[in-house]
Amino acid sequence: MYLIFMVIGLIRGTCYVIYYNYLKRNIKIGFPFIVHAEVRIIGPGTVSIGKRCVILKNAFKGLTIITFSKNAKVIIGDKCALGGTTIRCFGMVEIGNKTMTAISLIQDSFIVNYDRLGDDIKRRLPASRNISIGTNACLAENSFVMNGSKIGDDCVLSSGSWCNGAAYPDYVLILGNPARSTIPIDKLLRLKGEL
Amino acid sequence: MREFLARVRGLIFITMCKFTRKNVTIGSGLKIYKRLEISGKGRIIIGRNCMVCGISGDPSQYVCLETLSPNAVIRIGDNAYLCAARIQAKFQIVIGNDVLIEEAGIMDTDFHSIAKDRGIPMNEKADKCQVTVGNRVCVGARSSILKGTTIGDDVIVAPGAIVTMSVKPGYMVAGNPAKIFTHG
Chain Y
1 MYLIFMVIGL
11 IRGTCYVIYY
21 NYLKRNIKIG
31 FPFIVHAEVR
41 IIGPGTVSIG
51 KRCVILKNAF
61 KGLTIITFSK
71 NAKVIIGDKC
81 ALGGTTIRCF
91 GMVEIGNKTM
101 TAISLIQDSF
111 IVNYDRLGDD
121 IKRRLPASRN
131 ISIGTNACLA
141 ENSFVMNGSK
151 IGDDCVLSSG
161 SWCNGAAYPD
171 YVLILGNPAR
181 STIPIDKLLR
191 LKGEL
Chain B
1 MREFLARVRG
11 LIFITMCKFT
21 RKNVTIGSGL
31 KIYKRLEISG
41 KGRIIIGRNC
51 MVCGISGDPS
61 QYVCLETLSP
71 NAVIRIGDNA
81 YLCAARIQAK
91 FQIVIGNDVL
101 IEEAGIMDTD
111 FHSIAKDRGI
121 PMNEKADKCQ
131 VTVGNRVCVG
141 ARSSILKGTT
151 IGDDVIVAPG
161 AIVTMSVKPG
171 YMVAGNPAKI
181 FTHG
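Residue numbers (my numbering), protein chains in the order written: chain Y, 1 to 195; chain B, 1 to 184.
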């Protein structure tokens with residue numbers, strides 16, 4: 001049963017690979033691409049997704065990547081599990097290998113529809129800055145990664161957390177909306193007696 | 001081409017509303033890129049040159065305006081930009097001109113009481129629960145504005161914020177619960 005499920009995902013994924021790699025020049029997807037939900041890649045920017053990525057059904061929302069300019073770049077590493085994520089990009093978004101995401105929002109500016117805004121509000125909004133997420137990170141449900149945040153390797157974003165404009169060290173648990181406190185996971189496991 | 005189709009869809013929606021829904025009045029120049037769903041018996045007033053849109057290809061992204069009682073009023077000003085917004089009113093929601101709402105929820109009721117029977121909340125009154133949003137306000141994605149708040153002019157609500165208290169004009173708010181946020 002599991003094998004049939006995987007084969008259906010693989011066939012669906014190969015259709016997406018053929019469609020995006022050969023019909024759209026700016027998008028590249030690595031070959032074993034297993035898809036169980038919809039994938040939408042919209043916009044003129046360049047998008048590259050590594051090998052062996054999996055898109056699972058998270059609340060029936062697939063992967064959505066939107067780029068707003070030709071300079072926008074979205075780079076996703078190998079072996080990622082991206083279900084339900086929405087990425088909206090003006091500048092650059094980098095995601096490392098083996099990253100897991102749930103229904104989370106990765107957005108490198110506060111407000112997306114810039115062309116409708118007045119000049120006063122545009123001046124007050126923080127400028128869009130690049131986002132980088134390290135390898136083996138885990139973004140839990142309803143987590144927000146906003147402009148300028150740099151998340152280290154092996155980090156865990158707890159559900160509902162909101163990070164903006166700060167660099168977080170490796171192997172910590174990030175908490176809160178807005179995220180101000182971080183707990184080293186080594187310490188947490190020692191307290192629980194698991195290490 | 002897409003803009004022309006959106007204008008045609010808007011014109012059809014306005015004429016449909018004139019004949020079938022007497023409680024809805026929409027100004028000229030409506031553009032519909034995604035589905036616009038209006039339900040309920042209350043009064044809904046939308047100004048001129050409004051735009052309804054969302055992420056293309058995602059069926060769950062549509063604009064929903066719902067009135068939960070016959071006395072409810074939703075009033076949206078001119079040049080509003082509704083991007084997969086959900087607005088649900090039991091009493092009154094007034095939204096100003098040149099507003100941008102992205103994938104956020106605005107509601108002026110709790111829907112259920114916190115008592116064990118989960119019935120209708122008893123101590124909600126129209127003057128305490130109504131929501132007013134000022135002119136030139138930006139509301140970020142996945143944020144929600146709860147009952148009894150008044151948001152002043154030129155306010156920016158950051159994505160993911162949950163607004164429970166009133167906000168003075170000209171500030172930026174973020175977080176849960178939303179507090180004044182200065183970018184550092």
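A few of these clues could be false.
Lysine-lysine pairs mimicking PhoX-like chemistry, simulated, CA-CA at most 25 Å apart [stated by the list, open to error]:
| hint | chain 1 | residue 1 | chain 2 | residue 2 |
| --- | --- | --- | --- | --- |
| 1 | B | Lys147 | Y | Lys122 |
| 2 | Y | Lys122 | Y | Lys150 |
| 3 | B | Lys116 | B | Lys34 |
| 4 | Y | Lys122 | B | Lys18 |
| 5 | B | Lys179 | Y | Lys122 |
| 6 | B | Lys168 | B | Lys116 |
| 7 | Y | Lys122 | Y | Lys73 |
| 8 | B | Lys179 | B | Lys116 |
| 9 | Y | Lys79 | Y | Lys122 |
| 10 | Y | Lys70 | Y | Lys57 |
| 11 | Y | Lys61 | B | Lys128 |
| 12 | B | Lys147 | B | Lys179 |
| 13 | Y | Lys73 | Y | Lys28 |
| 14 | Y | Lys150 | B | Lys179 |
| 15 | Y | Lys122 | Y | Lys192 |
| 16 | B | Lys147 | B | Lys128 |
| 17 | Y | Lys122 | Y | Lys61 |
| 18 | Y | Lys57 | B | Lys34 |
If you anchor each label on the Cβ, the simulated ranges turn out as follows [claimed, not checked]:
| hint | chain 1 | residue 1 | chain 2 | residue 2 | range |
| --- | --- | --- | --- | --- | --- |
| 19 | Y | Lys70 | B | Ser113 | 23 to 29 Å |
| 20 | Y | Lys51 | B | Ala115 | 36 to 42 Å |
| 21 | B | Phe4 | Y | Gly165 | 47 to 53 Å |
| 22 | Y | Arg180 | B | Ser56 | 55 to 61 Å |
| 23 | Y | Gly165 | B | Gly27 | 35 to 41 Å |
| 24 | Y | Asp78 | B | Met122 | 30 to 36 Å |
Everything labelled a hint here was simulated from the structure, so no lab data went into it.
The C-beta atom is built at its ideal place from N, Cα and C for all residues, glycine as well.
Taking the hints in turn, this is what the structure says about them:
A threshold of 25 Å between alpha carbons decides the hint, and for B/Lys147 with Y/Lys122 the separation of about 28 Å lies outside it, so the pair is violated. Distance restraint check for Y/Lys122 and Y/Lys150: the Cα-Cα separation of roughly 24 Å lies within the 25 Å cut-off, and the hinted pair is therefore satisfied. For the proposed pair B/Lys116 and B/Lys34, the alpha carbon gap of about 39 Å is over 25 Å, so the pair is violated. For the hint linking Y/Lys122 to B/Lys18, the alpha-carbon distance of about 37 Å lies beyond 25 Å, and the restraint is violated.
Distance check on the hinted pair: B/Lys179 and Y/Lys122 sit about 21 Å apart at the alpha-carbon level, within 25 Å; holds. Pair hint B/Lys168 plus B/Lys116 does not hold up; C-alpha atoms about 36 Å apart against a cutoff of 25 Å. With a C-alpha separation of about 22 Å, the suggested pair Y/Lys122 and Y/Lys73 falls inside the 25 Å cut-off, and the hint holds. Proposed proximity of B/Lys179 and B/Lys116 is contradicted: the alpha carbons are some 31 Å apart, above 25 Å.
Using a Cα cut-off of 25 Å, the hinted pair Y/Lys79 and Y/Lys122 is violated, with the two alpha carbons roughly 38 Å apart. For the proposed pair Y/Lys70 and Y/Lys57, the alpha carbon gap of about 30 Å is over 25 Å, so the pair is violated. Note on Y/Lys61 and B/Lys128: the hinted pairing is violated, with a Cα-Cα distance of about 37 Å set against a maximum of 25 Å. The hinted pair formed by B/Lys147 and B/Lys179 meets the criterion: a straight-line CA distance of about 16 Å does not exceed 25 Å.
The straight-line distance between the Cα atoms of Y/Lys73 and Y/Lys28 is roughly 12 Å, inside the 25 Å bound, and the hint therefore holds. Of the pairs offered as hints, the one joining Y/Lys150 and B/Lys179 holds, with about 23 Å between alpha carbons and a cut-off of 25 Å not exceeded. The straight-line distance between the Cα atoms of Y/Lys122 and Y/Lys192 is roughly 47 Å, outside the 25 Å bound, and the hint therefore fails. For the hint pairing B/Lys147 with B/Lys128, the CA-to-CA distance comes to about 8 Å; that is within 25 Å, so the pair holds.
About 31 Å separates the Cα atoms of Y/Lys122 and Y/Lys61, which puts this hinted pair outside 25 Å; it is violated. Straight-line distance between C-alpha atoms of Y/Lys57 and B/Lys34 comes to about 23 Å, which keeps the hinted pair within the 25 Å bound. Checked against the hint of 23 to 29 Å, the pair Y/Lys70 and B/Ser113 fails, with Cβ atoms roughly 53 Å apart. The beta-carbon spacing between Y/Lys51 and B/Ala115, approximately 54 Å, falls outside the hinted interval of 36 to 42 Å.
The beta-carbon spacing between B/Phe4 and Y/Gly165, approximately 41 Å, falls outside the hinted interval of 47 to 53 Å. For Y/Arg180 and B/Ser56, the Cβ-Cβ distance of about 36 Å falls outside the hinted range of 55 to 61 Å, so the restraint is violated. Taking 35 to 41 Å as the suggested C-beta distance range, the pair Y/Gly165 and B/Gly27 conforms, at roughly 39 Å. In this structure the hint that Y/Asp78 and B/Met122 lie 30 to 36 Å apart at CB is violated, the actual value being about 56 Å.
In this structure, the hints that do not hold are numbers 1, 3, 4, 6, 8, 9, 10, 11, 15, 17, 19, 20, 21, 22 and 24, in rising order.
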